[in-house]
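*Asks:* Next come the chains, spelled out residue by residue.
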Amino acid sequence: MKKRVLSATMTSLVALAMLIAGCSSTPTTKAPAEQSKTETPATTTEPAKTGPKQLIVGRGADTKGLDPITQTDGETFKVTENIMDTLVGFADGSTELAPSLAEKWEVTPDGLVYTLKLRSGVKFHDGTDFNAEAVKYNFERWSDKSHPQHAPEGFEYYVSQFGGYKGDATHIIKSVEAVDPTTVKFTLNRPLAPFLANLAMSPFAIGSPEALKKNVKKFNEHPIGTGPFKFVEWKHNDTITLEKNPDYWVQGYPKLDKLVFKVIPENTARLTALTSGEIDLMDGLNTDDIPAVKGNKDLQLFLRPTNNIGYIGFNVEKKPLDNPKVREAIAYAINKPEIVTAFFDGVGEPAVNPMPKTMWGHNNDIKDREFNLDKAKQLLAEAGHPNGFKIKFWAMPVPRPYMPEGVKIAEAIQQDLKKIGVDAEIVTMEWATYLEKTRLGEQEMFMLGWTGDNGDPDNFLTVLLDKNSIGSNNYSRWANEEAHQLMMKAQSTPDQAEREKMYKQVQEIIFKDVPMVPLAHSTPALAGKANIVDYNPHPKGSESLEKVDFK
Amino acid sequence: MALLAYSIRRILMLIPVLVGMSIIVFSIIRAIPGDPALTILGEKATPQALADIREALGLNNPWYIQYFDYMKDVLSGNLGESLQTNAPISDEIMPYLAATTELTIVSMLIAVFIGVNAGILSAWKQNSWFDYCAMLIALVGVSIPIFWLGLMEQWVFAQELKWLPSVGRDDSRNPVEAITHFYILDTMVAGRWDQLWEVIKHLILPGIALGTIPMAIIARITRSSMLEVMRADYVRTARAKGLAQFWVVYKHALKNAMIPVLTVIGLQTGLLLGGAVLTETIFGWPGVGRYIVTAIGNRDYPVIQSGILVIATIFVLINLLVDLLYAYIDPRIKYR
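Line order of the protein sequences matches chains Z and R. So that you can map any letter, position 504 of the first sequence is 504 in the UniProt record's numbering, and since no number is skipped, the others follow by simple counting. So that you can map any letter, position 194 of the second sequence is 194 in the UniProt record's numbering, and since no number is skipped, the others follow by simple counting.
Hints in this document: simulated from the structure, not taken from any laboratory. Note that the structure is predicted; figures quoted are calculated from it, not measured. Treat the hints with caution; some may be incorrect.
Said to hold, decoys possible - Okay, the calculated bits of chain R under chain Z, using three or more residues with CB under 8 angstroms as the criterion: (1) 72 to 86; (2) 89 to 97; (3) 126 to 133.
Think of the CB as a built atom: it goes at the ideal place given N, C-alpha and C, for glycine as much as any other residue.
With the rest of the complex left out, here is chain Z:
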């Protein structure tokens, strides 16, 4: 009896396994195949002309949250910029300021009062009015820690751009007044030259006060702004879907009916998806793949204007890197042109200063050190290390637009350093740990980079090398009083020509003291279908896609 049961079970099990497997591979493939055959003309060709115009954008990682003020990462802003507008905007493809929700503005000569004239008749996606009160509400939420919709963990970008919160001694914004529905007045505690450029930064986009009041947690999952597209759905780690805002305040835009951001972590797989037509546009193109894109008539290559710096940094608190001569010696031993040729595939250029060459204030008079191993050896000898030394060299574990292949670049530098007696051991670790440990100053020599947010030199020099940024983005831990004074003064000087002079001076000090070796400015590469028109990659790394259309 038992044997029967056993054999019956076994046979049926196997039969079942085969049946299921068989079923799933044969009949299903057949039936829908026929169906798809009959349906193909109906679903793909016909509606393609009359149906909604959709753009699928492939990217490497998901958005962390959709309430832009709570976020700092670029993947977030790529989406939110299409949903929410800022008061001040940037011109297409450049960091020049342009009107956005504010049509025009006036600044008092002392640089303390900014009066912004707002666009009238603009509505949020939930139908409520955009006006001066809405602007005031957003700023109150950001600046006042006791505001009911203020996040308990604070708003990182608000603190870094506006010097803290209401009541802090360093807080820049004294008051925000709604003078009338279309006029808003900002009064500052001290002049802040990049104030308008800060307002143009993606985190400071204006959200619907009604929606925020109703449920601020939900806002992070379902943002409501005045932008060209309305939020539809977020499938985490997969897609975020937006649809056209028919009431958008810019006449004739957006051109697309639907916009989908799709996460495809692997760069190569993303390019495959583009080639096979599953997506229409992608960022994070491997530099190696540029020739393939150029050679494919169905695709086109986009280059994002450079706004970044990849650098080799020195933790100046650690021996022997505390000696500027040692740092200079290493600078002489880094063959920038060769590295850029070998690893940036024509989309980068050697850097001299820690800010992009295209930005105003870049010091073009500084002549870079040439690659010279003899000079490097001589400097090392002068510094008391004629036989070199051992050092740990931290290499970036992940590709970034400003540093495509961290470990390989580190290995190239390692070879040259060996020639001057410096034995560099390459260290690498998981990215979050890397950032954390470099921020804490555990590294010796390291590599990192920065992409600018707002087109102001302050956003490079002060962020990366001011002494107040030690513990945040000043990973070199370089504290130079003279440079600090200049940067602080430049920050509160309204006159741009004056500021330019000061920043040029700062760059000279940096060049002389070598807290870092600026390596390259890259132009990140993107690829898209050949029929995409009016796509203008913005230097800050993300842009609204309202103008994008298909030929």
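Based on the hints, put chain R in the right spot on chain Z.
*Replies:* Showing chain R alone in chain Z's frame:
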């Protein structure tokens, strides 16, 4: 009776296993370098804000208090909230779990169907060219990097031949409306046969990539197990009775040979559930593996902890299921 007693014993044994597992997961998480409070608040956090958030998260309590608090929540079905999204993890994890489960089932169907049959045929035609080829493929199969295999599949079948889609779970131009998050089910419920076909097409390439290793292992185990069984007396008897080789193999030998194969299938299913990160990454599959890896990058402690706990629990349950099935099939096991 004996089976029932064994089952109860086996289920009770789960308790210490699960407790031990939760302690291990809990302590490993705390070994990750980095301060979660600092990660949440960012680089410009004030000491006060850091202290507040540590207090709120209970990070100041001794670890065993944190552990008991956590277990109390877990047992009441509360897996905590993600630090990144502030959403309850028990809600958030469902779509990911469904995506991974769907992929795992398809991979295992492919692996079992091809693996078992290749193993049987190899044993049947031992030392034939088929046997050599199959075992060579199986050898390559276990050692092939999934990463490379996935990219090759995409290149050949998506980019060049354009037969199959390369990434994602559905066509983004015609997205599936999620109900249960099992897209095969969802599309069938909605009667969207065009979408069902899309979903199946999307499952094929990652299914093969993920199924290759278990397929190879299953083929090898099936082969050796079959060879052993075919040497047994009862098989010889069956053959002596003049039974056709096909029936000898599929009816008499297979049922006994399947016992070790079942174990392997169970183990591999569990492994796939948690170890699909690479496949999910290459194929842009929004699965639970990537959910946890992303959480590790963000130092999202509650997600890492609960995510691993959920996967480990499923793994243990699959093993239980295999053991029970095993005991049911082979009565000798009860006396172990």
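*Asks:* Determine for every hint whether it applies to the structure shown.
*Replies:* Checked hints:
no., hint, result
1, 72 to 86, "holds (count 3)"
2, 89 to 97, "holds (count 3)"
3, 126 to 133, "violated (count 0)"
In this structure, the one hint that does not hold is number 3.
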